[in-house]
Amino acid sequence: MILTITLIALLVTMAFALIRAIKGPTVYDRILASNALGTKTVLMIAVLGFVVGDPELYIDIAIMYVLIGFIGTVAVLKISEFGNLGQPQSHTETEDP
Amino acid sequence: MRNAIALIVILSGTWLLLSGHTSPLLLSLGLVSVAAIVACAARLELLDEEGVPVGLLPGLLRYGPWLVIQIIRSNLDVAKRIVNPKLPIHPTVIHVDATDHTEVGRVTYANSITLTPGTISLDVSEDAIEVHALTEEAANDLMSGEMGRRVQRTERP
Amino acid sequence: MSGLTDLLSMALLGIGTLFLLIGATGLLRLPDVFTRLHGASVTDTLGAGAILLGLALAAGWGLLMGKILALLLIMALLGPSTAHALARAATHGFRKPWLHETDKAEK
Amino acid sequence: MLIESVNIFLLALLAVTAIAAVRLRDLFAVAMMFGIYSLLAAVMFVLLDAVDVAFTEAAVGVGISTVLMLGTIGLVGRYERGSVRSSLLPLTVVVATGATLIYGTLDMPHFGDPTAPVHQHVAPAYITESPQQTGIPNVVTSILASYRGYDTLGELAVIFTAGVGVLALLGLRRRKRPGKEGVGQ
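Chains as they are written, first to last, in numbering that gives the first Met the number 0: chain A, 0 to 96; chain B, 0 to 156; chain C, 0 to 106; chain D, 0 to 184.
Okay, chain A solo, but in the shape it has when bound (with noise of 0.2 Å):
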């Protein structure tokens, strides 16, 4: 019963962090957003097998989906704020408007 609650929550804010990642208004909140998009997935997935009935699996995936979640979230950061992945470059983002 309260997993439901719990699942029916995750849902409603992951369309909140959907909502936030097309709205913008910057870079930095889509990242945001999709960062927080991926911490819900991983409860979400976390809940799911509780629900489902076969947690050890779920679980495991949720594990690999934090780390997952981790390296491509600061791969995104580390790209919009040098312009690359760390080599020596000039820097060349384009400028926000």
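Treat the hints as calculated values from the structure; they're not laboratory data. Glycine included, each C-beta is placed from N, C-alpha and C at the ideal position. Incorrect hints may appear among the rest.
[What the hints assert, rightly or not] The list that follows gives simulated cross-link-like pairs (lysine-lysine, DSS-like), each with its CA atoms no further than 27 Å apart: (1) 22(A) / 85(B); (2) 85(B) / 77(A); (3) 22(A) / 77(A).
[What the hints assert, rightly or not] With the C-beta cut set under 10 Å, the calculated list includes, among others, these residues of chain A facing chain D: (4) 1; (5) 3; (6) 16; (7) 17; (8) 21; (9) 26; (10) 37; (11) 40; (12) 43; (13) 51; (14) 68; (15) 70; (16) 78.
Chains B, C and D: place on chain A using the hints.
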């Protein structure tokens, strides 16, 4: 040497926790992968106090519970301000002194600040941490230096 | 005893759900990136923490509980790193934090 | 019932994400929308019990393809120019193709149908016999690494060759002109 043993223990624990298998074949395969990782870490010279900070563990165990209480307290405060639009938010940028901290200490300090809702570390330099605070209370709380003193105690066990 | 654990687990899940929703509201309602980061961190710390603790209690003693607690630990360690990286990137991207009106008047 | 509702809601979010990605002109935002799309799709794959596909979707969709797209954006600029041509013909083609594909799936067995041909012979054989035959607890791993071991070895050789080829092409240029290479090398 102590660090290598600690790393072996940590990796073996992680492997056992995540796999849950105990058959001899899979256990020996796990052992091989642990050995390979430790060998790689040794060759990359990651087995120093920075790579495997076991010396910090007792201090962190004492620091952890206090941090959890702080996180819950400031969570309630931030949550109240989000729910009730009448309560004002007052974003400020402050600089917290971090001259007396070691490198690991500054990292712990900055991460603790970020982990506590209402304050986020923006930039870490040699002697100070730039912090964005949601409210004046959160900023004043941080400026009182209680967290800094507690982090300092974890550095020197 | 088992009934008590169930009750505690349900209470933790309820608290987590509540903070999840509050954090998401903050993500939508607050005025700029930095303040929104505060809102997101409410979800990431207490929301995720309470939900995962509730699930760990529901799982009972065993490997599963260990895995859930490991997940919680990983999230607690990686979360602030991501948040700090985001805040730093936003500062370096010349996003001036939205400050209170009185502060602006002083400057 | 609950799982179906979750699936429908996720599908709706996927549709919203896709439409937003099409409509946005800021390519950085589009890349982020694709990342979000992959995350949502991965949850759906997990719900469909396709765990390994979900792993791949998360690793490739959220991780590497976002990075590659951002690398490309760093080279070509961030804003899309509006198209001058009419989009009527492409729309017709896409709608026609989509309709054909949906028509094609009507002949396929219903989702979760236990009498479908795939559930009659091959799948049960692998599921029941692979632990005894190979001694590996995970069925997908046993198929990839044991039954189709040479196949996988061949695939890895191809990918390795491709990787070495790309590195050879990019690496040679880098050594001649340091500091001039592309972003996503």
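Comparing the hints with the structure gives:
{"no.": "1", "hint": "22(A) / 85(B)", "result": "holds (25 Å)"}
{"no.": "2", "hint": "85(B) / 77(A)", "result": "violated (38 Å)"}
{"no.": "3", "hint": "22(A) / 77(A)", "result": "holds (23 Å)"}
{"no.": "4", "hint": "1", "result": "violated (13 Å)"}
{"no.": "5", "hint": "3", "result": "holds (6 Å)"}
{"no.": "6", "hint": "16", "result": "holds (8 Å)"}
{"no.": "7", "hint": "17", "result": "holds (6 Å)"}
{"no.": "8", "hint": "21", "result": "holds (5 Å)"}
{"no.": "9", "hint": "26", "result": "holds (5 Å)"}
{"no.": "10", "hint": "37", "result": "holds (6 Å)"}
{"no.": "11", "hint": "40", "result": "holds (5 Å)"}
{"no.": "12", "hint": "43", "result": "holds (6 Å)"}
{"no.": "13", "hint": "51", "result": "holds (7 Å)"}
{"no.": "14", "hint": "68", "result": "holds (6 Å)"}
{"no.": "15", "hint": "70", "result": "holds (6 Å)"}
{"no.": "16", "hint": "78", "result": "holds (4 Å)"}
Of the numbered hints given earlier, the model fails hints 2 and 4; all others are met.
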